[in-house]
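Chemist: Please build the complex by placing chain B on the supplied structure of chain A, with the hints as guidance.
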Amino acid sequence: MTPEDIGLRNQTYRLFVELGRAPSAEEVAAARGTTEPEVLDGWRRLHDEHALVLAADGSQLRMANPFSAVPTNYRVHADGRWWYANCAWDAFGICAALHCDGRIETSCPDCGEALSVEVRDHVPDDPSLLFHCLLPAAQWWDDIVFT
Amino acid sequence: MNLFRSGEHADRWLDGRPPGATLTVGKLGELAVAWWGDRLSPQWTPHTREQNQAVLQQLGLRDNFWQLR
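So the sequences go chain by chain: A and B. 0 is the number of the first residue of the first sequence in numbering that gives the first Met the number 0; add one for each residue after it. 0 is the number of the first residue of the second sequence in numbering that gives the first Met the number 0; add one for each residue after it.
For reference, chain A alone in the conformation it holds in the complex (with noise of 0.2 Å):
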């Protein structure tokens, strides 16, 4: 990975927690004053390192790990707002990559019952939930949505 390219990671992950959502290229290309087809080709050699994730039509991020662009089943108030996580672990690890507290929503997903987590200096309040990972490490980026 470039030093360039490390650059464009962080701006756009910079830009990300700014805007409360994920930036589009254009709006990455006016903060690095640079144009959106470069931003595009970035994200796209980022996306096969791994860095962040795009969208299947490549043209906008769906994922800035543990940040997703999208809705999803775990949403998580920190720092002052409402963000997606792309799973349990992205959901902890919104609030560790923020540095502070905050609150997990999501559902069982075997029985649907609402469950809400604080999460204060890293340490859930409710220890009797249980965190499930299917895949093993190994195929986790086979298709990183799914897992």
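Quick caveat, the hints were computed from the structure, so don't treat them as lab data. Keep in mind that the hints are not guaranteed to be accurate.
[Said to hold, decoys possible] Cβ-to-Cβ under 7 Å is the rule here; a few derived chain B residues that face chain A:
hint, residue
1, His8
2, Ala9
3, Leu39
[Unchecked claim] These stretches of chain A come out as covered by chain B in the derived footprint (C-beta under 8 Å, 3 or more residues):
hint, segment
4, 10-18
5, 124-137
[Said to hold, decoys possible] If the Cβ cut is set under 8 Å, some of the chain B residues that face chain A in the computed set are:
hint, residue
6, Asn1
7, Phe3
8, Arg4
9, Arg11
10, Gly19
11, Gly36
12, Gln50
13, Val54
14, Leu58
15, Gly59
16, Gln66
From a predicted model like this one, the values you see are computed outputs, not experimental measurements. No residue lacks a Cβ here, since even glycine has one placed at the ideal position from N, Cα and C.
Modeler: The following block gives chain B in isolation, referenced to the frame of chain A:
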């Protein structure tokens, strides 16, 4: 990667599929800090596979399930 009310709920959801790995949410909180804590740092640089594997190992996640590719 999901949160369940309990192991019983996870087993029922699996519906006969092979189970993956389970962690307490306390352990998940520790893992999240170690894995994601630097993601918004202005000085972020890519993690190597070895760095990521070391994070897992330091939290006791050492078996084949947690071996990255």
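Chemist: Take the hints in turn and mark each one as holding or not.
Modeler: Cross-check of the supplied hints:
| no. | hint | in the structure |
| --- | --- | --- |
| 1 | His8 | holds (4 Å) |
| 2 | Ala9 | holds (5 Å) |
| 3 | Leu39 | holds (5 Å) |
| 4 | 10-18 | holds (count 3) |
| 5 | 124-137 | holds (count 13) |
| 6 | Asn1 | holds (5 Å) |
| 7 | Phe3 | holds (5 Å) |
| 8 | Arg4 | holds (5 Å) |
| 9 | Arg11 | holds (5 Å) |
| 10 | Gly19 | holds (4 Å) |
| 11 | Gly36 | holds (5 Å) |
| 12 | Gln50 | violated (13 Å) |
| 13 | Val54 | violated (11 Å) |
| 14 | Leu58 | violated (12 Å) |
| 15 | Gly59 | violated (14 Å) |
| 16 | Gln66 | holds (6 Å) |
Figure legend: structure checked against the earlier numbered hints; hints not met, in rising order: 12, 13, 14 and 15.
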